[in-house]
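Chemist: Can you make the complete structure from the sequences, with help from the hints?
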Amino acid sequence: MLLLETTDNQFGFKKGVGCSHAIHTVYNIVKQATSNGATINLCAIDLSKAFDKVNHNAVFIKLMRRKIPIILLELLKNLFRECYSCIKWNNTMSSFFIINFGVRQGSVLSPYLFAVYVNDVDYSSH
498 MLLLETTDNQ FGFKKGVGCS HAIHTVYNIV KQATSNGATI NLCAIDLSKA FDKVNHNAVF
558 IKLMRRKIPI ILLELLKNLF RECYSCIKWN NTMSSFFIIN FGVRQGSVLS PYLFAVYVND
618 VDYSSH
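Residue numbers (our numbering): 498 to 623.
Among the clues, some could well be false.
[Stated by the list, open to error] EDC-like mimics (lysine to aspartate or glutamate), calculated; alpha carbons at most 20 Å apart, straight line:
no.	residue 1	residue 2
1	LYS511	GLU579
2	LYS585	ASP617
3	LYS559	ASP549
4	LYS559	ASP617
5	LYS585	ASP549
6	LYS559	GLU571
7	LYS574	ASP549
8	LYS550	ASP505
9	LYS550	GLU579
10	LYS546	ASP505
11	LYS546	ASP617
12	LYS564	ASP617
Worth flagging that the hints you see were computed from the coordinates, not collected in a lab.
Modeler: Take a look at the structure:
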């Protein structure tokens, strides 16, 4: 398994697949199950704010399980360690505060780290 590879059941942040593929897959599963008389219960999760909730230590553990090279892991740890931000509103800036959770918005690496973080939510593949 590649370091940032995810299960086939995950459609986010992958080239060539997306929401329409996920919807089509769910549709086919529901259609097949209900044609055999089964009842379907579906749970949808809104992940729009999920980037802000990523636990840094959990990401590092998941990357270690994937046997990511130590040098890369240390680099990522340094990227997230003592990360500060502030809020600017009009011409006023707040005091700086430490960021303890989340992946950086706009970073090209963040979607991959998030995908690794949520990849094992699908227990059916284990």
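Chemist: Taken at face value, is the distance from the CA of ASP617 to the CA of LYS546 at most 20 Å?
Modeler: Judged against 20 Å, a Cα distance of about 19 Å means the pair holds.
Chemist: Taken at face value, is the distance from the CA of GLU571 to the CA of LYS559 at most 20 Å?
Modeler: holds (14 Å)
Chemist: Tell me if the straight-line CA distance from LYS559 to ASP617 falls inside 20 Å.
Modeler: Judged against 20 Å, a Cα distance of about 9 Å means the pair holds.
Chemist: Holds or violated: LYS559 with ASP549, Cα cutoff 20 Å?
Modeler: holds (18 Å)
Chemist: Given the hint that LYS550 pairs with GLU579, does the C-alpha gap stay at or below 20 Å?
Modeler: Status holds; Cα separation ~17 Å.
Chemist: Run the distance test for LYS546 versus ASP505: straight-line Cα separation, threshold 20 Å.
Modeler: This hinted pair is violated, its Cα atoms lying about 23 Å apart.
Chemist: Please verify whether LYS585 and ASP617 have alpha carbons no more than 20 Å apart.
Modeler: violated (36 Å)
Chemist: Keeping to a limit of 20 Å between CA atoms, is the pair of LYS574 and ASP549 held or broken?
Modeler: holds (17 Å)
Chemist: Checking one constraint from the list: CA of LYS585 to CA of ASP549, max 20 Å. Satisfied?
Modeler: holds (18 Å)
Chemist: Between LYS564 and ASP617, is the straight-line Cα distance small enough, at 20 Å or below?
Modeler: holds (16 Å)
Chemist: Run the distance test for LYS511 versus GLU579: straight-line Cα separation, threshold 20 Å.
Modeler: violated (30 Å)
Chemist: Given the hint that LYS550 pairs with ASP505, does the C-alpha gap stay at or below 20 Å?
Modeler: Since the Cα atoms of LYS550 and ASP505 sit roughly 24 Å apart, the hinted pair is violated (cutoff 20 Å).
Going down the numbered hints, you'll see the structure goes against 1, 2, 8 and 10, while the others check out.
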